[in-house]
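Read top to bottom, the protein sequences are chains A and B.
Mind the numbering: the first sequence is residues 274 to 658 in my numbering, read in order.
Mind the numbering: the second sequence is residues 274 to 658 in my numbering, read in order.
Think of the hints as simulated: they come from the structure by calculation, not from any bench.
Note that CB positions come from ideal geometry on N, CA and C, so glycine has one too.
One or more of the hints may lead you astray.
Unchecked claim - Derived lysine to aspartate or glutamate pairs resembling DMTMM-like cross-links, with alpha carbons at most 25 Å apart: (1) A:581 / B:530; (2) B:581 / A:530; (3) B:549 / A:645; (4) B:624 / A:645; (5) A:582 / B:426; (6) B:582 / A:530.
Unchecked claim - Not everything, but these chain A residues come out facing chain B in the computed CB check (under 8 Å): (7) 516; (8) 519; (9) 523; (10) 578; (11) 582; (12) 583; (13) 585; (14) 634; (15) 635; (16) 650.
What the hints assert, rightly or not - Simulated DEER-style distance windows between Cβ atoms: (17) A:336 / B:481: 50 to 60 Å; (18) A:506 / B:645: 24 to 34 Å; (19) A:506 / B:506: 40 to 50 Å; (20) B:410 / A:562: 30 to 40 Å.
Next come the chains, spelled out residue by residue.
2 protein chains.
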Amino acid sequence: MRAAGIIVEYNPFHNGHLYHIEQTKKVTKADILIAVMSGSFVQRGEPAIVSKALRTRWALEAGCDLVIELPVRYVMQQADIFATEAVRILKDLHVSALCFGSENGNADDFIRAAEFASRPEFETRLQDNLQNKEHSYGRAYTDALASEISSLDVTKPNNILGFHYALANQKLGAELELFSLKRTSDYHAKEAEQSNIASATAIRKLLLNDDFFAVQKLVPSFVYQSLLDNPAELLSFESIYPYLRYRLLSDSGSALESINSVTEGIENRLIRAAYKDNADAFLKVATTKRYSSSRIRRTAMQILLQFKKEDIALPYHRLLGLNKRGQAYLSIVKKKLELPLVSTLSKADPKLIQYDVAASRLYRLFADAENDLDGEFASRPLLYF
Amino acid sequence: MRAAGIIVEYNPFHNGHLYHIEQTKKVTKADILIAVMSGSFVQRGEPAIVSKALRTRWALEAGCDLVIELPVRYVMQQADIFATEAVRILKDLHVSALCFGSENGNADDFIRAAEFASRPEFETRLQDNLQNKEHSYGRAYTDALASEISSLDVTKPNNILGFHYALANQKLGAELELFSLKRTSDYHAKEAEQSNIASATAIRKLLLNDDFFAVQKLVPSFVYQSLLDNPAELLSFESIYPYLRYRLLSDSGSALESINSVTEGIENRLIRAAYKDNADAFLKVATTKRYSSSRIRRTAMQILLQFKKEDIALPYHRLLGLNKRGQAYLSIVKKKLELPLVSTLSKADPKLIQYDVAASRLYRLFADAENDLDGEFASRPLLYF
Numbered sequence: 274m275r276a277a278g279i280i281v282e283y284n285p286f287h288n289g290h291l292y293h294i295e296q297t298k299k300v301t302k303a304d305i306l307i308a309v310m311s312g313s314f315v316q317r318g319e320p321a322i323v324s325k326a327l328r329t330r331w332a333l334e335a336g337c338d339l340v341i342e343l344p345v346r347y348v349m350q351q352a353d354i355f356a357t358e359a360v361r362i363l364k365d366l367h368v369s370a371l372c373f374g375s376e377n378g379n380a381d382d383f384i385r386a387a388e389f390a391s392r393p394e395f396e397t398r399l400q401d402n403l404q405n406k407e408h409s410y411g412r413a414y415t416d417a418l419a420s421e422i423s424s425l426d427v428t429k430p431n432n433i434l435g436f437h438y439a440l441a442n443q444k445l446g447a448e449l450e451l452f453s454l455k456r457t458s459d460y461h462a463k464e465a466e467q468s469n470i471a472s473a474t475a476i477r478k479l480l481l482n483d484d485f486f487a488v489q490k491l492v493p494s495f496v497y498q499s500l501l502d503n504p505a506e507l508l509s510f511e512s513i514y515p516y517l518r519y520r521l522l523s524d525s526g527s528a529l530e531s532i533n534s535v536t537e538g539i540e541n542r543l544i545r546a547a548y549k550d551n552a553d554a555f556l557k558v559a560t561t562k563r564y565s566s567s568r569i570r571r572t573a574m575q576i577l578l579q580f581k582k583e584d585i586a587l588p589y590h591r592l593l594g595l596n597k598r599g600q601a602y603l604s605i606v607k608k609k610l611e612l613p614l615v616s617t618l619s620k621a622d623p624k625l626i627q628y629d630v631a632a633s634r635l636y637r638l639f640a641d642a643e644n645d646l647d648g649e650f651a652s653r654p655l656l657y658f
Numbered sequence: 274m275r276a277a278g279i280i281v282e283y284n285p286f287h288n289g290h291l292y293h294i295e296q297t298k299k300v301t302k303a304d305i306l307i308a309v310m311s312g313s314f315v316q317r318g319e320p321a322i323v324s325k326a327l328r329t330r331w332a333l334e335a336g337c338d339l340v341i342e343l344p345v346r347y348v349m350q351q352a353d354i355f356a357t358e359a360v361r362i363l364k365d366l367h368v369s370a371l372c373f374g375s376e377n378g379n380a381d382d383f384i385r386a387a388e389f390a391s392r393p394e395f396e397t398r399l400q401d402n403l404q405n406k407e408h409s410y411g412r413a414y415t416d417a418l419a420s421e422i423s424s425l426d427v428t429k430p431n432n433i434l435g436f437h438y439a440l441a442n443q444k445l446g447a448e449l450e451l452f453s454l455k456r457t458s459d460y461h462a463k464e465a466e467q468s469n470i471a472s473a474t475a476i477r478k479l480l481l482n483d484d485f486f487a488v489q490k491l492v493p494s495f496v497y498q499s500l501l502d503n504p505a506e507l508l509s510f511e512s513i514y515p516y517l518r519y520r521l522l523s524d525s526g527s528a529l530e531s532i533n534s535v536t537e538g539i540e541n542r543l544i545r546a547a548y549k550d551n552a553d554a555f556l557k558v559a560t561t562k563r564y565s566s567s568r569i570r571r572t573a574m575q576i577l578l579q580f581k582k583e584d585i586a587l588p589y590h591r592l593l594g595l596n597k598r599g600q601a602y603l604s605i606v607k608k609k610l611e612l613p614l615v616s617t618l619s620k621a622d623p624k625l626i627q628y629d630v631a632a633s634r635l636y637r638l639f640a641d642a643e644n645d646l647d648g649e650f651a652s653r654p655l656l657y658f
């Protein structure tokens with residue numbers, strides 16, 4: 274059986290994601306589709322708008338055969354770590370192809386860029402760019418790439434993520450065949466009304482504004498129905514802001530410095546910003562040219578979830594859901610896996626799963642789950658048979 | 274000028290407090306009345322129901338001449354530390370008398386009990402009682418006292434506090450003449466309807482249940498009016514519970530162990546209790562014979578406010594408010610003070626005031642004060658001229 278992989282967040286699942294799944298099956302000619310998905314928190318540094326259980330169901334309903342969780346310690350990180358660990362999981366699952374959406378749409382451009390980024394002259398250009406202290410590391414990096422690869426606009430968010438997939442694949446042995454689909458929606462589109470495709474960002478905004486009607490045509494009907502059926506709170510950066518603010522204003526400087534992404538005194542910037550009484554104002558005050566709002570959000574979430582510099586997270590496969598085809602595929606590759614496979618948290622090595630258990634507990638706390646903070650602990654993968 | 278001192282929380286101010294002030298002036302024959310008052314947080318381990326600024330105004334309107342804040346690090350402690358530091362402040366202010374309410378009402382009983390507690394045979398009985406691991410330290414202590422002093426029922430909350438005032442006074446040189454007034458209300462009275470006197474606990478319950486009408490006859494009219502005029506949120510242990518819960522479920526065991534009152538693995542009991550989704554259930558689960566609900570609340574609040582074992586708090590006089598008489602008295606004793614006098618936080622030694630500044634900031638955060646978390650920092654004492 275030939276398996277293809279996709280790396281997703283489904284925050285929430287929408288028509289563009291359905292297109293991605295259908296096209297991935299078509300272009301990769303795979304029999305099996307495996308999704309590596311973010312869990313309770315997403316890469317832009319905020320809680321997922323709905324639970325991972327619901328997003329797993331959407332993935333399976335939409336045609337994925339197997340859904341594996343990307344551990345939270347790899348999710349809320351810069352693109353290179355996120356991409357490397359997601360590709361590592363797919364590779365270990367013996368996936369033949371990786372298909373990702375991008376503004377560019379041409380896999381060869383990404384492969385060329387990844388090759389260039391592994392050459393010494395790239396490193397020289399990067400170091401030159403880093404002399405400009407006003408720019409972030411990310412800006413210096415994309416400038417160095419752009420100087421050579423003109424056909425790939427690495428200032429576009431999905432292009433840069435695709436580049437990191439290609440780079441990760443190369444680092445890990447280049448065993449995955451890469452495919453890229455040109456995204457049909459502008460990521461930053463503000464007017465979702467003209468089309469039945471809109472970005473997850475635009476859809477989240479509609480949902481958080483309680484404009485469910487506008488969302489109806491932008492998502493598959495099974496997603497729409499489940500959003501109506503699940504009256505649970507929709508989470509956002511705003512939902513967790515009171516807790517973040519409390520932590521920033523009560524922890525000592527040395528406690529904040531012990532957190533993973535806290536470097537260069539960024540904690541002082543965050544503490545000052547925490548005097549603002551709402552999340553938008555916090556982000557506005559904390560963001561600079563050097564510190565993008567994504568960087569700020571991710572650092573803030575690492576503080577909220579207490580990702581310590583000293584902690585060592587290990588990769589593993591957390592099985593969130595599967596159908597019959599996924600089960601058949603898994604029974605074949607199971608013995609060949611190098612990373613541990615975890616079906617039920619309560620039966621897993623506590624050291625392996627500790628950060629994801631803690632993140633799920635806090636997600637449920639933020640979502641006001643009544644007295645069932647460790648509910649996920651005993652839950653089994655979703656069988657979509 | 275002869276000054277008398279009282280140790281108060283005014284959480285909120287009620288008719289019993291007015292009686293206490295009037296009687297104190299009468300029995301002590303003092304010209305000046307000085308109140309040492311808890312600030313943003315109170316000794317039972319929760320935020321004060323309203324701000325210290327409003328409670329300072331009440332104290333002055335009711336006839337106090339000078340209001341000094343008891344530093345927060347001494348407030349949320351067991352009775353002996355609370356009492357010792359409050360008496361230390363009064364003594365340094367050259368107060369001649371201390372008058373406190375109690376169930377007993379006879380100062381001599383307290384003085385005799387304090388003398389007994391300083392003798393070696395008391396220590397022997399205490400150590401014997403501590404062999405029973407089921408009982409709290411407080412229970413072992415009161416049992417040892419009760420074995421000798423039959424006329425003072427030290428199981429009553431105000432008697433035990435009065436005992437600690439007497440003991441503190443003795444330790445600090447017995448310079449204050451002690452007076453005790455018999456409380457006219459039962460502290461634990463649940464039905465406030467029969468009288469115009471009710472305990473602060475009963476009144477808080479009415480206020481938190483939004484039963485303002487029932488409160489009207491229980492508090493002086495100036496208090497009632499200001500409660501109506503100040504629509505700000507009334508704080509309680511329930512208000513801070515989401516933040517406490519977040520901290521208990523996100524901090525590491527070693528971070529929790531670094532907190533002042535966290536001993537004997539009590540953090541694990543608190544973590545388990547934090548799975549409960551409301552403050553009442555939390556307290557119910559966490560409380561045992563050994564750990565009273567006050568001990569649990571105080572420990573929880575020390576965790577919330579991050580009182581570290583390594584921190585050293587120093588005593589000082591924080592001037593919250595005064596009238597002309599208080600000003601005249603202060604101008605006389607000022608030069609004789611051994612402890613620093615702080616009128617405006619922004620001009621004080623940051624090391625001295627750091628814990629109180631942090632506590633005020635968090636109190637304002639919990640009270641949803643908009644963008645003015647450090648508002649107290651620049652504020653001046655309330656002049657009630």
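Do the hints match the structure? See the list:
Under the criterion of a C-alpha separation no larger than 25 Å, the hint pairing residue 581 of chain A with residue 530 of chain B is consistent with the structure, at around 17 Å. Between residue 581 of chain B and residue 530 of chain A, the direct Cα distance comes to roughly 17 Å. Compliance with the 25 Å bound is thereby established for this hinted pair. Our distance criterion of 25 Å between C-alpha atoms is met by residue 549 of chain B and residue 645 of chain A, whose separation comes to about 9 Å. Only pairs whose Cα atoms come within 25 Å are accepted, and residue 624 of chain B paired with residue 645 of chain A is rejected, the gap being roughly 42 Å.
Distance restraint check for residue 582 of chain A and residue 426 of chain B: the Cα-Cα separation of roughly 54 Å exceeds the 25 Å cut-off, and the hinted pair is therefore not satisfied. Taken as a hint, the residue 582 of chain B and residue 530 of chain A pair is honoured in the structure, with Cα atoms around 20 Å apart against an allowance of 25 Å. The interface hint given for residue 516 of chain A holds, since its Cβ lies 5 Å from the closest Cβ of chain B, which is under the 8 Å cut-off. Interface restraint check: residue 519 of chain A against chain B, minimum CB-CB distance 5 Å, threshold 8 Å, status holds.
Interface hint status for residue 523 of chain A: upheld, as the beta-carbon distance to the closest one in chain B is roughly 5 Å, under 8 Å. Using the Cβ-Cβ criterion of 8 Å, the hint placing residue 578 of chain A at the interface with chain B is satisfied: the shortest such distance is roughly 7 Å. Against a cut-off of 8 Å between C-beta atoms, the interface hint on residue 582 of chain A is violated, since the closest Cβ of chain B lies about 13 Å away. Nearest Cβ of chain B to the Cβ of residue 583 of chain A: about 10 Å, over the 8 Å cut. The hint is violated.
Residue-level restraint check for residue 585 of chain A is violated (minimum Cβ-Cβ distance to chain B is 15 Å; threshold 8 Å). Hint status for residue 634 of chain A relative to chain B: holds, with the closest Cβ pair at about 6 Å, below 8 Å. Given the 8 Å rule on beta carbons, the hint for residue 635 of chain A holds: about 6 Å separates it from the nearest Cβ of chain B. Among the interface hints, the one on residue 650 of chain A is violated; its C-beta lies about 12 Å from the nearest C-beta in chain B, farther than the 8 Å criterion.
For the hinted restraint 50 to 60 Å between residue 336 of chain A and residue 481 of chain B, the CB-CB distance of approximately 53 Å keeps it satisfied. One distance hint, 24 to 34 Å for the beta-carbon pair residue 506 of chain A and residue 645 of chain B, holds here, with the actual separation near 28 Å. Distance hint for residue 506 of chain A and residue 506 of chain B: a CB-CB separation of about 21 Å, inconsistent with the stated range 40 to 50 Å. As the Cβ distance of residue 410 of chain B to residue 562 of chain A is approximately 57 Å, the hint placing it in 30 to 40 Å is violated.
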